[in-house]
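J.: Each chain, letter by letter, is given below.
Number of protein chains: 2
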Amino acid sequence: MAPEMDQFYRSTMAIYKSIMEQFNPALENLVYLGNNYLRAFHALSEAAEVYFSAIQKIGEQALQSSTSQILGEILVQMSDTQRHLNSDLEVVVQTFHGDLLQHMEKNTKLDMQFIKDSCQHYEIEYRHRAANLEKCMSELWRMERKRDKNAREMKESVNRLHAQMQAFVSESKRAAELEEKRRYRFLAEKHLLLSNTFLQFLGRVSGAGESKPRPPESVVRRKGCSFLPLCFLYG
Amino acid sequence: MAPEMDQFYRSTMAIYKSIMEQFNPALENLVYLGNNYLRAFHALSEAAEVYFSAIQKIGEQALQSSTSQILGEILVQMSDTQRHLNSDLEVVVQTFHGDLLQHMEKNTKLDMQFIKDSCQHYEIEYRHRAANLEKCMSELWRMERKRDKNAREMKESVNRLHAQMQAFVSESKRAAELEEKRRYRFLAEKHLLLSNTFLQFLGRVSGAGESKPRPPESVVRRKGCSFLPLCFLYG
Numbered sequence: 001m002a003p004e005m006d007q008f009y010r011s012t013m014a015i016y017k018s019i020m021e022q023f024n025p026a027l028e029n030l031v032y033l034g035n036n037y038l039r040a041f042h043a044l045s046e047a048a049e050v051y052f053s054a055i056q057k058i059g060e061q062a063l064q065s066s067t068s069q070i071l072g073e074i075l076v077q078m079s080d081t082q083r084h085l086n087s088d089l090e091v092v093v094q095t096f097h098g099d100l101l102q103h104m105e106k107n108t109k110l111d112m113q114f115i116k117d118s119c120q121h122y123e124i125e126y127r128h129r130a131a132n133l134e135k136c137m138s139e140l141w142r143m144e145r146k147r148d149k150n151a152r153e154m155k156e157s158v159n160r161l162h163a164q165m166q167a168f169v170s171e172s173k174r175a176a177e178l179e180e181k182r183r184y185r186f187l188a189e190k191h192l193l194l195s196n197t198f199l200q201f202l203g204r205v206s207g208a209g210e211s212k213p214r215p216p217e218s219v220v221r222r223k224g225c226s227f228l229p230l231c232f233l234y235g
Numbered sequence: 001m002a003p004e005m006d007q008f009y010r011s012t013m014a015i016y017k018s019i020m021e022q023f024n025p026a027l028e029n030l031v032y033l034g035n036n037y038l039r040a041f042h043a044l045s046e047a048a049e050v051y052f053s054a055i056q057k058i059g060e061q062a063l064q065s066s067t068s069q070i071l072g073e074i075l076v077q078m079s080d081t082q083r084h085l086n087s088d089l090e091v092v093v094q095t096f097h098g099d100l101l102q103h104m105e106k107n108t109k110l111d112m113q114f115i116k117d118s119c120q121h122y123e124i125e126y127r128h129r130a131a132n133l134e135k136c137m138s139e140l141w142r143m144e145r146k147r148d149k150n151a152r153e154m155k156e157s158v159n160r161l162h163a164q165m166q167a168f169v170s171e172s173k174r175a176a177e178l179e180e181k182r183r184y185r186f187l188a189e190k191h192l193l194l195s196n197t198f199l200q201f202l203g204r205v206s207g208a209g210e211s212k213p214r215p216p217e218s219v220v221r222r223k224g225c226s227f228l229p230l231c232f233l234y235g
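Chains A and B, in that order, are what the protein sequence lines are. Going letter by letter, the first sequence gives residues 1 to 235 in the UniProt record's numbering. Going letter by letter, the second sequence gives residues 1 to 235 in the UniProt record's numbering.
Simulated from the structure, these hints should not be mistaken for lab results. Take the hints with a grain of salt, since some may be wrong.
Stated by the list, open to error - Covered by chain B, according to a simulated footprint, are these stretches of chain A (three or more residues, beta-carbon under 8 Å):
| # | segment |
| --- | --- |
| 1 | 171 to 185 |
| 2 | 194 to 206 |
To be verified - Within a straight-line C-alpha distance of at most 25 Å, the following computed DSS-like cross-link-like pairs (lysine-lysine) qualify:
| # | chain 1 | residue 1 | chain 2 | residue 2 |
| --- | --- | --- | --- | --- |
| 3 | A | LYS173 | A | LYS17 |
| 4 | A | LYS173 | A | LYS109 |
| 5 | A | LYS17 | B | LYS57 |
| 6 | B | LYS116 | B | LYS106 |
| 7 | A | LYS57 | B | LYS190 |
| 8 | B | LYS116 | A | LYS57 |
| 9 | A | LYS149 | A | LYS135 |
| 10 | B | LYS106 | A | LYS57 |
| 11 | A | LYS116 | B | LYS57 |
Glycine is no exception: its CB is placed at the ideal position from the N, C-alpha and C atoms.
Required output: the full structure, derived from the provided sequences and hints.
T.: Next comes the structure, spelled out in structure tokens:
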């Protein structure tokens with residue numbers, strides 16, 4: 001086979017191999033790591049919930065005291081704010097789970113067979129066409145040696161097969177490249193979507209933190225008792 | 001003892017009891033829950049690090065491909081952004097650990113003994129003063145019955161002790177109230193500090209997300225291959 005066709009063939013096979021042996025296992029691993037990430041997030045979310053429930057209870061005790069109702073209000077409000085933040089963050093996590101992890105998981109499973117089939121199909125088709133071309137070329141060589149009157153017809157046939165082969169290897173390479181690019185683009189786009197959802201969450205939370213009447217430190221100083229650096233503990 | 005003094009005494013003791021039996025155990029529990037929260041955060045941080053390292057590796061593979069260098073750059077940049085975010089978040093966590101949890105832990109340990117001592121000291125002092133006053137009052141009653149010439153002097157002494165007792169119970173109640181308020185204020189102020197540190201982090205991150213040349217979705221569409229809804233997986 002002509003060296004440039006062989007080159008095309010090897011490049012195309014290398015792309016399929018890279019999807020099968022690098023990209024898909026990496027994506028499979030990413031799904032596993034992503035599920036660990038999700039579990040860790042849920043554990044954190046639960047720890048935060050328990051911590052701020054405890055803060056709320058202390059706040060409610062303060063509300064019942066004769067001295068610290070306003071401090072109690074602040075503590076209860078802090079606990080509420082944290083709950084809202086947690087439920088807002090859930091949206092990001094749902095995006096991560098539903099739009100990213102589940103999609104990646106489904107894709108890798110289906111893609112392993114799909115890419116294996118595409119690769120095998122290409123390999124068979126290439127070998128079939130190459131064998132056919134080789135056969136016609138040696139037939140032509142035999143005919144030319146024998147000065148066969150059909151040699152001219154056979155030469156045309158060989159030229160046609162050669163042109164078809166060239167078109168086939170070049171189109172197949174483009175198709176494989178498209179498959180490769182599509183997979184990396186899928187990964188990048190899905191993560192950009194996640195990243196945008198996270199930025200929207202951050203914008204909402206930090207915007208709410210700036211505008212909403214959250215308890216400023218001055219309230220504690222103004223409405224709480226005056227701040228005296230006394231006693232050995234609570235200055 | 002006069003009912004209003006008894007009332008002061010019971011209120012003051014109730015405040016000490018509330019600090020000893022409610023506030024301090026609640027703070028101790030909060031330290032425990034806070035340490036769980038920290039552990040969960042570190043686990044999440046580690047899971048994120050591992051996940052985005054895997055993304056980086058895939059990005060580096062894409063950089064070496066003939067088709068997806070720009071997508072590779074985006075994936076690597078995403079991984080970098082996540083690392084910066086994680087190390088920024090570490091500042092919040094250090095505040096939580098150093099300025100809040102460690103402080104709370106030290107305080108509850110020392111405070112248990114301090115408040116117990118203050119309460120006992122008050123109780124002894126109150127009983128001592130009350131007994132002394134009672135003794136003088138019955139002495140006065142005895143003297144008045146006997147029309148003792150020193151009764152007038154004793155009456156003055158009883159009045160003085162009574163006034164001192166009144167000042168003592170009222171000052172002691174104010175002191176106990178101050179202790180209570182100081183403890184709730186400590187908790188509220190420490191959490192406001194944490195909340196402000198967190199808001200600063202959110203402001204920094206969402207600000208950076210808006211201004212910094214992070215990879216916009218349009219780059220993927222413009223520089224990646226055109227978006228064709230084909231094949232059964234990666235549309």
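J.: Does each hint hold? Answer for all of them.
T.: Hint-by-hint comparison with the structure:
no.: 1; hint: 171 to 185; in the structure: holds (count 9)
no.: 2; hint: 194 to 206; in the structure: holds (count 7)
no.: 3; hint: LYS173/A x LYS17/A; in the structure: 13 Å, holds
no.: 4; hint: LYS173/A x LYS109/A; in the structure: 24 Å, holds
no.: 5; hint: LYS17/A x LYS57/B; in the structure: 17 Å, holds
no.: 6; hint: LYS116/B x LYS106/B; in the structure: 16 Å, holds
no.: 7; hint: LYS57/A x LYS190/B; in the structure: 17 Å, holds
no.: 8; hint: LYS116/B x LYS57/A; in the structure: 23 Å, holds
no.: 9; hint: LYS149/A x LYS135/A; in the structure: 18 Å, holds
no.: 10; hint: LYS106/B x LYS57/A; in the structure: 21 Å, holds
no.: 11; hint: LYS116/A x LYS57/B; in the structure: 23 Å, holds
Of the numbered hints given earlier, the model fails none.
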